[in-house]
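Make the full structure from the sequences, and use the hints.
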Amino acid sequence: MTAPRRPAALPLVSITAAILAILSACGPAATPAPTATPSPAPSLTPVPGGPSGPAASPVLGPTAGPPTTTEVQGFGQIFDSLPPSFPKLLGATPAETGMGPTSGAFAADMEPKTASDLILMLLRSAGWSVETGSPLEDGTVVLDATHEPAGCKAQVRFTPVSGSLIMSVLYGASCPFS
Numbered sequence: 001m002t003a004p005r006r007p008a009a010l011p012l013v014s015i016t017a018a019i020l021a022i023l024s025a026c027g028p029a030a031t032p033a034p035t036a037t038p039s040p041a042p043s044l045t046p047v048p049g050g051p052s053g054p055a056a057s058p059v060l061g062p063t064a065g066p067p068t069t070t071e072v073q074g075f076g077q078i079f080d081s082l083p084p085s086f087p088k089l090l091g092a093t094p095a096e097t098g099m100g101p102t103s104g105a106f107a108a109d110m111e112p113k114t115a116s117d118l119i120l121m122l123l124r125s126a127g128w129s130v131e132t133g134s135p136l137e138d139g140t141v142v143l144d145a146t147h148e149p150a151g152c153k154a155q156v157r158f159t160p161v162s163g164s165l166i167m168s169v170l171y172g173a174s175c176p177f178s
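By our numbering, the letter at position 111 of the sequence shown is numbered 111, and the numbering carries on one by one without gaps.
Don't read these hints as lab results, they were simulated from the structure. It cannot be assumed that every hint is accurate.
DSS-like cross-link-like pairs, simulated, lysine-lysine; straight-line CA separation at most 30 angstroms [said to hold, decoys possible]:
hint	residue 1	residue 2
1	113	153
2	113	88
3	153	88
The calculated label-pair distances, taken between Cβ atoms and stated as ranges, are [to be verified]:
hint	residue 1	residue 2	range
4	117	161	29 to 39 angstroms
5	150	125	13 to 23 angstroms
6	146	117	16 to 26 angstroms
7	118	94	23 to 33 angstroms
8	163	71	28 to 38 angstroms
Where is the CB? At the ideal position from N, CA and C, for every residue including glycine.
Spelled out as structure tokens, the structure:
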């Protein structure tokens, strides 16, 4: 007598198919991986009297517009800082004058006449029309400058202070800021 045959292959195939179905459902999805979207860099707001040279590195991304403005009696609206293109004295450092609003104020170890002659030359070479008056009673030299577009004006004062000077600038808000 022979033993009855068992269909052993059929349950094995069914179990294998079920395991493969479960494993494929738990495996990695065929959807693409999420991509990182870079966020824009923050834009910096210029600080009046703050650094305007290499320390103020450009920020990639959205750019900040021109700085805020202030009304100066007898002059008009000024920018609260100077554009990078405005000439400065070599070795000058930012200074607090306490003499009212300015677009920039700097201390330098120079005589007012020497400093004013240098800035006069630099402004003229940049296309500004510049007038200088006689020194004031305290030795201050004042340069009045105009530039395109019409209405663009600046005033630069060189005030002697115990062997050095303070250069204070009023830079008109109608001037280009670059």
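Status of the hints after comparison with the structure:
1. 113 to 153: 21 angstroms, holds
2. 113 to 88: 15 angstroms, holds
3. 153 to 88: At roughly 17 angstroms apart (the allowed maximum being 30 angstroms), residue 88 and residue 153 satisfy the hint.
4. 117 to 161: 29 to 39 angstroms: 19 angstroms, violated
5. 150 to 125: 13 to 23 angstroms: 21 angstroms, holds
6. 146 to 117: 16 to 26 angstroms: At 19 angstroms between Cβs, range holds.
7. 118 to 94: 23 to 33 angstroms: 18 angstroms, violated
8. 163 to 71: 28 to 38 angstroms: At roughly 34 angstroms between Cβ atoms, residue 71 and residue 163 fall inside 28 to 38 angstroms, so the hint holds.
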